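Student: Start from the sequences, fold in the hints, and give me the full structure.
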Amino acid sequence: MPETIDVRLVFDFKGRRHDLRSRIDLAPYLRRGAEPPDLHQILARDNAIDPYSYEYESLQMETPEIVAAQGLAREHLHQGRLDWPGLSEAYAERQRLEAIGRIAQAQLGVEDLSLRPDLRDALLAAYRAGAAAGEGD
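To convert, note that position 90 of the sequence shown is 90 in the working numbering; the numbers rise steadily by one, no gaps.
Do not rely on the hints blindly, as some may be mistaken.
Ranges of calculated distance between the beta carbons of each label pair, as one might list FRET restraints [said to hold, decoys possible]: (1) Arg128 <-> Arg74: 24 to 32 Å; (2) Ala68 <-> Arg17: 15 to 23 Å; (3) Ala122 <-> Ala34: 27 to 35 Å; (4) Arg45 <-> Arg17: 17 to 25 Å.
I should point out that these hints are in silico values taken from the structure, not numbers from a laboratory.
The structure presented is a predicted model; accordingly, all values stated were derived computationally and were not measured.
All residues carry an ideal CB built from backbone N, CA and C; glycine is no exception.
Tutor: Printed below as a string of structure tokens:
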């Protein structure tokens, strides 16, 4: 499922109202463990606004509004604000579960780890122990 947000920002510049909208794919940021995307910058790029202009400065004075979210982002959207740390952790956990799910299927013939919470928890613990040992190297 895609991890996207729909963002809107309305501002006035030179007597003209601008209503900017963008759909932002969060997966590249989440995969890298990066900071959340700069919504102002993306809105400007998607709407052909030069980042070195007075128009861009006017845009930056307003707060972008997240009007919709898809995937895990929907679960981490509260009153128009995205809980980025919570979303990042949930995304990483889903990636870990997918990885151990593939291992369980290939090595043990287990099709659905959700039916075997004991095995899922054991494999997750092993995964985390391996990751922690790798960080110490």
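Student: If a hint holds in the structure, say so; if it doesn't, say that too.
Tutor: These are the hints, each one checked on the structure:
| no. | hint | result |
| --- | --- | --- |
| 1 | Arg128 <-> Arg74: 24 to 32 Å | 26 Å, holds |
| 2 | Ala68 <-> Arg17: 15 to 23 Å | 21 Å, holds |
| 3 | Ala122 <-> Ala34: 27 to 35 Å | 31 Å, holds |
| 4 | Arg45 <-> Arg17: 17 to 25 Å | 20 Å, holds |
Violated hints: none; the structure is consistent with every hint.
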